[in-house]
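So the sequences go chain by chain: A and B. Oh and the first sequence: position 243 is 243 in the working numbering, straight run, nothing missing. Oh and the second sequence: position 8 is 8 in the working numbering, straight run, nothing missing.
Note that these hints are calculated values from the structure, not bench results. Predicted model, so just to flag it, every value in this text is computed and none were measured. Any given hint could turn out to be false.
The following residues of chain A were derived to be distant from chain B, with all beta-carbon distances above 10 Å [said to hold, decoys possible]:
# : residue
1 : 9
2 : 116
3 : 159
4 : 283
5 : 321
6 : 416
What the simulated footprint calls covered on chain A by chain B, stretch by stretch (three residues with Cβ under 8 Å from a Cβ of chain B suffice, anywhere in the stretch; the number is not a length) [what the hints assert, rightly or not]:
#  : segment
7  : 31-42
8  : 50-60
9  : 108-115
10 : 179-193
11 : 343-353
Reference excerpt, derived from the structure (chain A facing chain B, CB under 10 Å, subset only) [claimed, not checked]:
#  : residue
12 : 83
13 : 253
14 : 319
15 : 320
16 : 360
17 : 362
Backbone N, C-alpha and C fix where the C-beta goes; we use that ideal spot for every residue, glycine too.
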Amino acid sequence: MSETVRTETINTALGALERVLDRRLVAALEVCARCGICAEACHVYASDPRPEHVPAARAERVRAVYRRQHDPLGKLFPWLVGAKDLTEPDLDALAEPAFASCTLCRRCTINCPFGVDTALIMRAARAMLTATDRAPEMLVMLADAAIARGEHAEEFREIYREIVAGLEHEAQERLGDPTLRIPLDQQGAEILYVGLSGAHTILPAAIIFHEANASWTLSMFEASNYGLFLGDPARAKAIARRIVDEAVRLGVKEVVLTECGHAYAALRWEAPNWFGGEFPFKVRSIVEVLADYVRDGRLALDPTANPEPVTYHDSCNLARNGGLIEAPRIVLRAAVQNFVEMNPHGKENFCCGGGGGLVAIPEWFETRMRAGRKKAEQIRAAGAPVVATSCENCNLQLTDLNGYYDLNVQVVGLMELVVNALLKARRRHAVPLPEAA
Amino acid sequence: MTPAWAIILLGALAVSVWGLWGHLRRTLARPWRPELSRAAGSPGRGVIYAFTWGMAPWAKESTRLHLLAYLRGVVFHVGIAAGLAGLALIPWRAAVPAAGEGAIAVAAAAGAVAGWGGLLVRVTEHNLRAVSTPDDLFSVALVSAFLSAGAGAWWGPRWTAPYLALGALTLVAIPLTKIRHCFYFFFSRYFFGLFYGRRGVVGGVQHE
Ligand code: SF4
Ligand code: SF4
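Extracted from the complex, chain B is given alone in its bound form (with noise of 0.2 Å):
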């Protein structure tokens, strides 16, 4: 990677992290309005079971009879991940052993064909069709040929310069767009451990 390219990257990564930042602040800003009813069962229970359990497929009926759709999701992140760490690693891509080199290939092809796939169910289906704003499409475009940039820099070095140039774009895009639905998951799988768990609906300590 020539130092032109580390400059942009690192660049990109100081916009998102800045971008993430000021959403932090801003949602730290607002009221923190805890709930003061007893509780009838344990908030940090809900918690723990909103993002270990509670993510299973089998926990939502949404899940069970969307298998596809789930599995489409789950792709579709490792995808992300892998293409991300792949960011991170390029520098270094001659100590990386061609098991890795080809398992980061994989995972972020996998993640691009799950990304396509979402992108034309998501102009084709009337539901979703009619949710959807010019960003979840841009968004969901930028990631998959980010990644399909990834799959094919990992394979052969032909594609590393789209690769980092989209890579670029997508650390940019995360706090601007609906891309940054990763960085509220957290919160908002918190909140609904929180609720949950307290009036022992989840979590394990049920109310009667």
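So here's chain A without its partners, still in its complex pose (with noise of 0.2 Å):
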């Protein structure tokens, strides 16, 4: 039998499979009984039925690679029980599968016999492209840039602070309160929050958190980090150490993470695994702190000022794979005036199509459209006029798909539904001028 001359490229990609062949990964390889019972459970599936979008199938293609590996039979007899020996053009041909037509929502999972982990696959696969250099450019750019911007924090750090200075007082301004401060480097704060870069994730958070009276300070970084979608620990766990040295330096008791689905995945669930334990700090999303707020009575909120149908998309990395499922209720019960449910929704909910990384990689805006049609025709379904949802991720696939599917909606943000809220509770409990005479 005749195999397949090894380029250093192929074995640099068996090697990164390798590397992250654990039990967990052998199981989910070994296991597909490939009864396709998990089809329909897939959002790019369900959006353009072709078999190559079966989560099993796309899955095959690694499967395929460790079975001529590591499966005895698969070393004799390849043709008979799909193994192949891994070559460049299959490489290449990985890269939509891996990147592009899964986005790591693991609904397949749930919905699968053996809850097969396909995401887990997937990751391995991106490990192997991203090891060739064929992971897309603009993930690799954007992880790059996110811990060059690490190594030159006290270069950044002036400038950022005349930015937040002048956040500082859009806030005051938008909040009627000149005593709203956004504290920098303050050591000790209880809380240390990281947004995103854009103002959008620190004004409404700066006012949430006055308004509740937190201690809290903003860090210098922010939440996303694109290694996790690179499926490559090294950079994940040189952006995530930015965070997690700015935590123990300022003495923080939990580090508040902003409206970022992936950013939660990284932090709070997979970051510990790359750093060999737990963090001396909790690690929450801002959505777990707003309930906490809401439950505890630390934020007026006034619902009517948020009158229309509000419907809530979960976010598959803080839902389904988060578990933050109740959290994101208890705030929207309380601040919007009708919430309705989406269907399904919760652990059940379908990804919107921009998830595991699609979102930033303009080559493919065509495909995660395609890919988001299901999400569309739930919104559609829900009937309400606005979307919630808190993830940055979600909110910018949700937003092309309202205008490429002329949803007519308006998609929010948690936090800007709560902020809404507390203006309007504000102004209610102001003491009126008395009038002139």
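Starting from the two chains in their separate frames, assemble the complex, guided by the hints.
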């Protein structure tokens, strides 16, 4: 039997696969019975029902390589068990299923009789592609830029201070309260809040923390972690390290991440694995903090500020893969007048189609719009003119779907709705000025 | 059962156990990377869920939508259990009451129908055809043939020899073919329960 010549690239890709091949991955690769029942669970298949969009078909590309390496029959009679030598064209062809048509949402996993973790397999594929320089350039660039920013933090510090001072002024004006502060580098603060690049994740948080009388400080860095999308723990760890070091230096009790699904997946769930243990601080999403504030009565909210029906899109990273299902609902029930559930929702919610880093890759715009068809149908069926979400990636994707499918809805973050409700309550409680005689 | 058949079947069983032992060793030789993040829920309860309620047809959208496929799978696997139990009992067949003989025959027959039906679906449904390997077709056909022979053998002794032969072949095929998913099932469901239980998604200990 002729064996395909192994190039340096193939060796590198196989090496990357070997490095991630732990017991969980072996089980996911071995157990699939190819029953096909996962097909409709995947939003990509549900939106564009082609055999190659069946999760098991996507994973077969990696399984075929695994079997050739590790299955006794795969070594002797590859045709019998669907085993295949990895070739460079195979690697090239793996980029689309791994990075564009699988968002690592794990909806197939919860619908599989074996619980096959297809996302884990596709992450292995991403690791192979990243190791052989086949990952989307944009993701690599964003990850490396974040690492560079961490390495040159001192150079950014003063510029950042100036930007934050401007934001502080804006927040004061919006709230009508000159005592509002956006603290930076506050030693001993309880919360280190990590936003994203863009004022929209900092301004509402500043207003909320001020109103809740929280002890907080703003991080120098952004929460997103593109290393996670690349399946590259070294890059992901370097990106997370910036926040971990900052939190330890400031001695905070908890790191609170802005509305971002993958940032939560990265720092809350994955980063302890990269660092070899739990952190000396808690990691929470702002969604959990908001739910606590609502429950503890720390925020006066007037839901009439958001009178239109609002539906909620669960980010896969926060809900199905992060367990934050009830928290956003506690917040919504307090902040809006008419909350309507999408069907299905919670852990069964469909991915918006922009997860897994896809929303950042311009060349795959059409792919993600097609993959979002199921979500667009869900939104239409919910019939609410406002769609809330707690994830920046989902927000971007839903906004694009809104235009692409003419949904005619408004896409908003949870914090925005809370700030609306909070400002209205504040105005209502304000003592009116005596009328001029 | 003649001594020759006993030797063949015990040999096949030994190959099967030895093969699965090899899988166990190879799997355990791989790193175990437990999640180190603070648990939000209960990993233990997640594992219990994974092997109990999590297997119920109403627990998953996929089985709610495809109840027939789910039932076909259940009947097939109950049939396999009956077929293997029947294989183990065959030397003591004379002591098995008629009701027991009938139950094994019926379960195996139903399993065989489900198996052949599944094979038909696999070759006619375009998604399944696309994801299937020759191993998938061979394995389902082998097990279905084994169950058919088992149903025949427990109905009347004429089918005993094919039943024993196909039983031996099935035992040998377990570690070599996709049939070994029966072994990896336990790993996979365990990891599923651990992962989602820890994150407070399943198992009753919710996040918030
Ligand atoms: S991943 Fe699960 S549901 Fe999908 S084909 Fe494999 S065993 Fe079936
Ligand atoms: S993880 Fe999500 S996108 Fe990927 S195959 Fe499964 S359902 Fe589809």
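Now the hints, each set against the structure:
1. 9: Since the minimum Cβ distance to chain B is about 24 Å, residue 9 of chain A lies beyond 10 Å and the statement holds.
2. 116: Given a closest Cβ separation of 6 Å, the condition is violated.
3. 159: Per Cβ check, residue 159 of chain A is outside 10 Å of chain B; nearest 34 Å; holds.
4. 283: violated, 8 Å
5. 321: Nearest chain B Cβ is 7 Å from residue 321 of chain A, so the label is violated.
6. 416: It holds; residue 416 of chain A is separated from chain B by about 21 Å at its closest Cβ, greater than 10 Å.
7. 31-42: holds (count 11)
8. 50-60: holds (count 6)
9. 108-115: holds (count 7)
10. 179-193: violated (count 0)
11. 343-353: holds (count 3)
12. 83: Hint holds; residue 83 of chain A Cβ to chain B Cβ min 9 Å, cut 10 Å.
13. 253: violated, 13 Å
14. 319: holds, 8 Å
15. 320: holds, 7 Å
16. 360: The hint is violated - residue 360 of chain A has no Cβ within 10 Å of chain B, the shortest such distance being about 25 Å.
17. 362: Violated - the Cβ of residue 362 of chain A stays beyond 10 Å from chain B, reaching only about 30 Å at its closest.
Violated hints for the displayed structure, listed by number in ascending order: 2, 4, 5, 10, 13, 16 and 17.
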